[in-house]
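Those protein sequences? They're chains A and B, same order as listed. Using this note's numbering, the first residue of the first sequence is number 398, and each one after it goes up by one. Using this note's numbering, the first residue of the second sequence is number 190, and each one after it goes up by one.
A couple of the hints might just be wrong.
Straight-line distance between alpha carbons at most 30 angstroms, and here's what the computed DSS-like set of lysine-lysine pairs gives [stated by the list, open to error]: (1) B:K468 x A:K532; (2) A:K465 x B:K468; (3) B:K468 x A:K571; (4) B:K427 x A:K504; (5) B:K468 x A:K505; (6) B:K427 x A:K465; (7) B:K244 x A:K463; (8) A:K465 x A:K571; (9) A:K532 x B:K483; (10) A:K505 x B:K332; (11) A:K571 x B:K485; (12) B:K485 x A:K594.
No wet-lab data here; the hints were simulated from the structure.
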Amino acid sequence: MNDLAEAIRQAIPGAEVERIENPGPSGQHSLLLGLPTARAVAEFLRDNQGWDFCSNVSGVDWPARKVKETVVRKELVDGVEKEIQEPVEREVPGYLEAVYHLYSIPKKSGPLVVRMRTANRTEAVSVPSLTPVWKSAEFQEREAFDLFGIRFDGHPDLRRILMWDEFEDFPMRKDYVAPDDCEYEPTPHDAVLALVKARQEVA
Amino acid sequence: MSQMPASNAVQTIDVSLGPQHPSTHGVFRMNVTLDGETVTRLQPVFGYLHRNHEKIAETNSWLAAMPYTDRLDYICPLTNNWAYALAVEKLAGLEVAERAEFLRVITAELTRLQNHTAFLGFILGDMGAWGTALMYAFREREKILDLFESLTGARMMCNYMRFGGCRCDTPPGWIEAASALVDRFPAFLDEMEALLTGNEILLARLQGVAPLTAERAIQGGMSGPVLRASGVDYDIRKVDAYGIYSRFQFRVPRGEVGDCYDRFMLRLLEARESVSILKQALATIPDGPVVHPKAKQRGLRPPAGEAYGRIEGPKGELGFYLISTGTDRPYRYRVRPPSLINLTLLEELCLGTKIADVMVILGSIDIVLGEVDR
């Protein structure tokens, strides 16, 4: 995979490619593509590297989260230098992710996991569409747009696919709250009630 | 006498086919524009059966999604179970008990048999031969469902597989009953083939309709029988050799022109290969536990990471993309639905054909709406 990343950097000047380690036992590591050159990299992967079959496109929501890490720092204690481990909380800003699983039909190899990340979860939610490269991504990118709210620039027909056209929210996001359905829930409560109130205040 | 139209400009008609239509295999809708009888535009409309399967699975424990996978492609619950179990086993690094591997192959191939059998009946119904062929097919399919019922307790909602194995062992006499059924099955396939494949009307309705080239099939993400009917040699049972498929001898049938007839015949040929796999598996199944002793079911917490596991389902490549953050429920649970993705090229296939062929083309792709809409 490191060879592939190097080949991409050599073929496409200025291409941003980063290897993302998968800590689990499946060993399916992935390549994180920079957004400006993602389309060119995808075409390179399809035409020069033989990844002709885009099997799966998946959205993933990563809200802002705190990661606990231990930082080692050196300090002089009673004139002796000691290593002190300190737990540190680091804030990771939220983003949305589009993950593509590619296979090669002639070489019978795969999956090659390729991912793109949006800048944040609110207004900068665009990634380049890879439907012009792999037609099979068409419905799946629509689905990621519908359920996660990722905008795919250059998609030929970016509309909601599973939810109805008038629907406003993105149900697969982690902070989604199901709307209050008065017919079935006579006593709205807690999170639902707070959401309804917030919406009324905005309106 | 009414007035003639002022110009002889082409008048097109918009027709909403479905969602309530006997040949849309569920609640699938197509907005079709017709010039006379010829299709000039086709827009599929999804979502009538949408219940956000993925979200529901993400709010439950890892094991609780297993019975829910039955409801995806409800014709083939056992292959859905296997795909999910396989993905979780990859994610958590679990091993599978030897006898369970055989049971998985046996139940999956029986599922493929009954799916392809039902397909033969459905596509005849789509062509207007309503009833007889479907009942012939369902009579045989019911015998396989009886086997599923005696093994798992349910005809269709089997909920049979577990991480690292299967839920229960076979009841006494089950292997013998399955062997007897498999031995008798080629006679039924011969009967269907003699009844159908030489039929002049069937040939006229299927041959040369909606041919699909190998390049377009790959580009459009087609998988399973539709991909192989276009002449692509790609069967995940051979490519990934998941489970214990590498131990069995079988061939991968391929089509030549990728028209509806090739897609139809491919199912018949695949069913015969499934019979061959079943005979080998039923003859060599070993004794032993059906769940790996180190596998954990309830309270499973796979280590943080992600995995994509896929199998060759009867409809195509069925995959699960799972992300774990080390908790007792999936952080991300994604189904790669072959039924939905095989519809990507539906408009391309239907353009220029007659409206009556649309149903046959849809039937030849073989979809189930429980999986399309999830």
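Checking one constraint from the list: CA of K244 of chain B to CA of K463 of chain A, max 30 angstroms. Satisfied?
holds (23 angstroms)
Check the hint pairing K427 of chain B with K504 of chain A against an upper bound of 30 angstroms on the C-alpha distance.
holds (13 angstroms)
Could you grab the alpha-carbon distance between K468 of chain B and K505 of chain A and see if it respects the 30 angstroms cut-off?
holds (28 angstroms)
Starting from K505 of chain A, check that the Cα of K332 of chain B is at most 30 angstroms away, please.
Given pair K505 of chain A, K332 of chain B is violated - Cα atoms ~36 angstroms apart, limit 30 angstroms.
Straight-line alpha-carbon gap K427 of chain B to K465 of chain A, limit 30 angstroms:
violated (44 angstroms)
Holds or violated: are the alpha carbons of K485 of chain B and K594 of chain A at most 30 angstroms from each other?
violated (44 angstroms)
Is the straight-line distance between the alpha-carbon of K465 of chain A and that of K571 of chain A 30 angstroms or less?
holds (20 angstroms)
Take a quick look at whether K571 of chain A and K485 of chain B sit within 30 angstroms of each other, Cα to Cα.
Distance of about 27 angstroms is within 30 angstroms: holds.
Does the alpha-carbon distance linking K465 of chain A and K468 of chain B stay inside the 30 angstroms limit?
Not satisfied, since the Cα-Cα distance of roughly 55 angstroms exceeds 30 angstroms.
K468 of chain B paired with K532 of chain A [C-alpha distance capped at 30 angstroms]
At roughly 39 angstroms apart (the allowed maximum being 30 angstroms), K532 of chain A and K468 of chain B break the hint.
Would you check the hint for K532 of chain A and K483 of chain B, treating anything up to 30 angstroms between C-alpha atoms as holding?
Violated. K532 of chain A to K483 of chain B sits at ~42 angstroms, over the 30 angstroms cutoff.
If you draw a straight line from the CA of K468 of chain B to the CA of K571 of chain A, is it 30 angstroms or shorter?
violated (47 angstroms)
In terms of the numbered hints stated before, the structure departs from hints 1, 2, 3, 6, 9, 10 and 12, listed from lowest to highest.
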